[in-house]
Structures are given as C-alpha cells and as structure tokens.
Amino acid sequence: MRPMRWSTFVTVGAFMLISTIPALAKERAEDNYRTYCVQCHGMQGNGKGINIRDMSVLPRDHTDAKEMSARSDDDIFKVIKEGGVAINKSVLMPAWADVMTDEEIRDLVQHLRKLCKCSYGK
Amino acid sequence: MSRIKGASKNPLKLVALAAMTFASAVGWAADGEAILNAQCSACHNLAGPAPATLDALWNRKGPDLFYAGNKYQAAWMEKWLQKPTRIRPAGMFYGNHIKPGAKGDEVDATTLVTHPALPATDAKAVTGALMQRKGRSDLVTAGAYVPGTISRSSGEMLFDKFKGCLACHEIEPGYGGLSGPEVYTAAKRLQENYLISYLRNPQAWDPKTFMPNKRLSDTDLQKFVHYLRLLGEEVKP
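Protein chains in written order, with the working numbering: chain H, 1 to 122; chain D, 123 to 359.
Worth flagging that the hints you see were computed from the coordinates, not collected in a lab.
Hints may be right or wrong, so weigh each one.
What the hints assert, rightly or not - Pairs of lysine to any residue residues, derived as SDA-like cross-links and limited to a Cα-Cα distance of at most 25 Å, are as follows:
| # | chain 1 | residue 1 | chain 2 | residue 2 |
| --- | --- | --- | --- | --- |
| 1 | H | Lys78 | D | Ala326 |
| 2 | D | Lys221 | H | Arg113 |
| 3 | H | Lys89 | D | Gly184 |
| 4 | D | Lys256 | D | Glu356 |
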C-alpha cells in the first residue's frame, strides 16, 4: 500500500475537525421569524398567518404597539422559549426552545420590538 | 472475462447471468434504486443528513427519504406513488408558498408543484428501494406503540384544546391549520413506532423543523397515535 500523502492527511484531519463543530450555526432573527412565527403571526407580523382560519384564539398582532408595549422583554422571551401557557396565555403558542438558542430568542425579541416600533411601557 | 469463464463451469450461474442481462436489456424488472437516483434525488435527500440550517430547510423540495424505511408504510407508499395527492396544503416549506390576502395570508397555489405519478411496476420497485433506507434506526423502538383506542371527542380535545395541534394541522379536509401536513391520513402513511418517536422529539429527526416539540408524556404519545388511527379509519379511501 502507498503511504498516505501529507496533503491527504491534512485534508482528512481538517474534515474531522470541522465535523466536530456543532452543526447548528446561529440564524438571523428575521429568518427565524420567517420560519417559525409567520405560519401564525403572518408575513407582515399582523397576526394573520395562513393558519388562523379555525383558531379559537387569534395570534398576537406584532405590529400593535399598544398590546406589545404592555409586555416586558423578559415576558416575550419567556413566551417564545416556553410557550403561551408559561405566561397564562394560549396553548396555541408553542415553546420554541428546541429550535432556537437563548441568544437567538433574545435577538428575536429585539426583532419584535422593531415590528411594533415600541418598547416596554411605551 | 474470467468471471464468465467461471460461470460457464457452473450452469446455474450462467442461467442467472443470462436472466440478469435479459432483464436489464428489456427493462423487465424495474430497478427501484436506479429510479430513485435518476428521478427522485433532485427533490428528495436520499442519503441524509436532515437540513442543519434554515436556508437548507427553505430549499428542501420534498420530504427527506434517507429514513423512508423507518417512516412510511410500504402499502400506502406504493399506492400513493401511482396516484399522488397533496399532503401539505402549503407545500414543503409554507414560507415559500404564501401571499398576503384580504383576510390575511393565503396559500399561493400557483407556486405549488405536483408530484409525478409512477407506473405500477416502478411504484413497487421504488417502494422496495425506499423501505431499504433505514436511516435513524437509533430513534425508533420496535413495539413503542401499543395498540389501543380513544374516543373521537377525547382525541380531539387532546389534539386541539390541550395541545393546540389543530393550529397547524387539518384533522379533516378543510378544517384546521395549513402549514403542517394533514393528519387525517397520517396513520395510513406513517409507521406507528415512527409516529411515537417523531411526536416525542421532532427535532431529533429534523433539527430545524417548524413543528414544535410539545413535550408529550408517554401516555399522551400513545393517545395521539390512537387518535390518528381513528381519524384514518374515518377517511374514505
């Protein structure tokens, strides 16, 4: 058998190193929003996603500054991570802890603040 | 050359070789693996792994098939391939198939593609090849589902009121959410032990999926599959 070339050795080594890095890289807040939130909260964030037809409780309108400013960033973080039930809201809002890291959820809270053009209390 | 020489010493081998040559020449027995690679691989991931980024998730055109043998029921698959119907009302990733409408977002039907139909012999061969694909066997436990029953009202209460699944899934044609696959055909399509495993942890199969993990208890997992089986019985074939 031919001895392994140095270049092959280095390539294989680099590949093994890359494959040990965690597979899921950080995603942008607007991309997470498009993937997980838009199905119910809508393309425009107005609470009118494709799923609302038969819902018993309608999703929050993220562009409603009055409603959104009544919730603290911590509350919004909690409801995204743990679901509606965690803040005594609807079971229709699921927990997203399994698809977003805490850092991504914090970014998403800031994205929601952009959509409502508001902050907590104002 | 040496192979054929060897075969000529053994009449049985020679007959088998002739039969194989004949079959491939006239297309007598469809080769499921060849069809999969030629016709299916542009839209389906046949080798894994599942999308690890949102970009990959958005660009996925059809379900991953590298664990098809652990996921689908062969009898359903063979029939469906001959007469495909839409299972996901808003396509594979709903975000690519919606538009704003008067009352809210709507499915943009013009962007949806239909699955090609296969002739019966090809459907059988492809199903055979798919059932060989046993990726993620580590996630499935034989006997995980224990057959049982649930009343329609209890099942619906669990599915809708307690767990909120109706938000994204239709439990009958025209009733329920649109971003997820219809569930009234799920028990016909999917293996029961797969359902138990997937419902327990969707992200274990598909890390970026927009199906949330509902943290279902072992008891509820069983009840969900009872309910899906009941829905399947009610659907006209």
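Verification of the hints:
1. Between Lys78(H) and Ala326(D) the alpha-carbon distance is near 23 Å, which keeps this suggested pair within the 25 Å criterion.
2. Annotation: proposed proximity of Lys221(D) to Arg113(H) holds, straight-line Cα distance about 24 Å (limit 25 Å).
3. Distance restraint check for Lys89(H) and Gly184(D): the Cα-Cα separation of roughly 34 Å exceeds the 25 Å cut-off, and the hinted pair is therefore not satisfied.
4. At roughly 30 Å between alpha-carbon atoms, Lys256(D) and Glu356(D) are farther apart than 25 Å, so this suggested pair is violated.
In this structure, the earlier hints numbered 3, 4 are contradicted, and the remaining ones agree with it.
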